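Trainee: Protein chains in written order, with this note's numbering: chain A, 33 to 225; chain B, 33 to 225; chain C, 33 to 225.
Calculated directly from the structure, the hints in this document are not laboratory data.
Since the model is a prediction, treat every value here as computed from it, not as a measurement.
Do not take every clue at face value.
Copies of one chain are not kept apart here, so a pair can be met inside one copy or by any two copies together.
List of simulated lysine to aspartate or glutamate pairs, EDC-like, C-alpha gap at most 16 Å [unchecked claim]:
| no. | residue 1 | residue 2 |
| --- | --- | --- |
| 1 | K81 | D68 |
| 2 | K81 | E66 |
| 3 | K81 | E69 |
| 4 | K81 | D100 |
| 5 | K164 | E183 |
| 6 | K201 | D53 |
| 7 | K201 | D50 |
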Amino acid sequence: MSLDYNPSHLTLLLTVVDDRDGEVLGDAIQRLVERDEVLACHVLPCTTKKNRPGHVLLVLVDGGDDPDGTAERVAREIMTLTGSTGVDRFDADGVYSVPSRFETVEVRYGDRRWEVSVKVAETPDGEPVTVKAEFDECRRIGREVGLPPREVKALVEAAARVGGTVDLKRREIRVDRETADARSETRRPGARP
Amino acid sequence: MSLDYNPSHLTLLLTVVDDRDGEVLGDAIQRLVERDEVLACHVLPCTTKKNRPGHVLLVLVDGGDDPDGTAERVAREIMTLTGSTGVDRFDADGVYSVPSRFETVEVRYGDRRWEVSVKVAETPDGEPVTVKAEFDECRRIGREVGLPPREVKALVEAAARVGGTVDLKRREIRVDRETADARSETRRPGARP
Amino acid sequence: MSLDYNPSHLTLLLTVVDDRDGEVLGDAIQRLVERDEVLACHVLPCTTKKNRPGHVLLVLVDGGDDPDGTAERVAREIMTLTGSTGVDRFDADGVYSVPSRFETVEVRYGDRRWEVSVKVAETPDGEPVTVKAEFDECRRIGREVGLPPREVKALVEAAARVGGTVDLKRREIRVDRETADARSETRRPGARP
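If we strip away everything but chain A, and leave its shape as in the complex, we get (with noise of 0.2 Å):
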């Protein structure tokens, strides 16, 4: 079986800039991958130009049914927002994904109960490709309960993999199909059951 393939409607904009700080680069960033049509925007460091330091930013866009349309409205966000008086463009010959889906895993601290958005994909013949608990939301359990949002993370994504929620507690992985606790080969080293 193929990975699914799409094959005409990236977009990628290319442009150079030495001439602006950290802040603005930071800003032009979040506002680019706000706009529906950009799929990513990155922003990466070079030397250029009478050996200066500079970024080179690239901008994947989705044409959609307008790719000319698309690509120079968000040409033009680049300019305006970096000052960039040319971008280059680059029509990509395809796009390789895998459909990924969202499960939750529950998480329980003593009393205290939340579901965390786990991003799964796999290869039409089931190779995993992908089990990521979403970061945002392991940060904020993780700064309510005083753990590092990485090890929530790991411990929901074990989870995930296993089918069973997360006693954030006794950083736990319980599988419900079971009555005795899973002892996950996850579980931190040194923890006690």
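Put chains B and C on the given structure of chain A with help from the hints.
Mentor: Chains B and C in isolation, oriented as in the chain A frame:
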């Protein structure tokens, strides 16, 4: 109204170098951008084969009336300068640009007087894209009078936006149409009038 | 005379990873370049969505007789290794290259003797592009005899350029056609003859 859009003249040449030092790459950037057909040249740090540090070299070429010959000449120069034995070519699907013009801003410091070039660009419907003083000129003046180049640059750009001139000694913008000084909001905080 | 130009076999696959650590990406580079159809793999640091640090992964694929099948297989491997759920494909318009050949240079240190491979490439009209000793071989010899690899590499490359051999102990290049030592200009400054 739409941006200028040139559908076909630009080519991106890409190669990777993992065996040249910064001196060689710095010279390659300089030498390549001296060529009329090279619009820009950027060196991006990367990690490459065997997890070695390396650099991606991106060179944007204006193919003009002879895109194949031009791209080949520049590819050969890249090889000669960097030792790369392979250069990949990606023809852009287009380039968005806004026309820019140069204006001059008068700068005074006591009896001394300079004219600084400022690049100005707007979208076709008049949205400002960039007002940018030539940095090398600002740097030269800054050294002469003992001010940081970014201070000179900020004052020149502010003057260009209001159609005024710069009194560097008082760090003020003057709008010549008025007798009184323009108390520009870009004046340095804490400067006395 | 013109460079070798192959108009169509190369594909660039691009994806961005903001949720994997250096160990995973380092392994992905290694695993991808082990594939015959992967010509090169580069990881570039970037700032991405929500101003998070991330990495752009560029993979250059030789599509051979089956560009679609090859690109898809590599895209799938990228997904499996990195957890990315989307990979963008840009087919190159061509590749410029110069043919390279391997020569060997004899290296001696007292009674010990090695042969080191040197990659040599020239443009069709004889302009030298690169003379490059295989680094891993230089490193191995350097460790055996207690010299820094870059010193072994410099001597081997100098010997290749003059058609000579290397006496590592005396740090000299010898040109066999002559009885006398070649007092090479590349000899280490300060070394005694």
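Trainee: Which numbered conditions among the earlier hints are violated in the structure presented, ordered from lowest to highest?
Mentor: 4, 6 and 7
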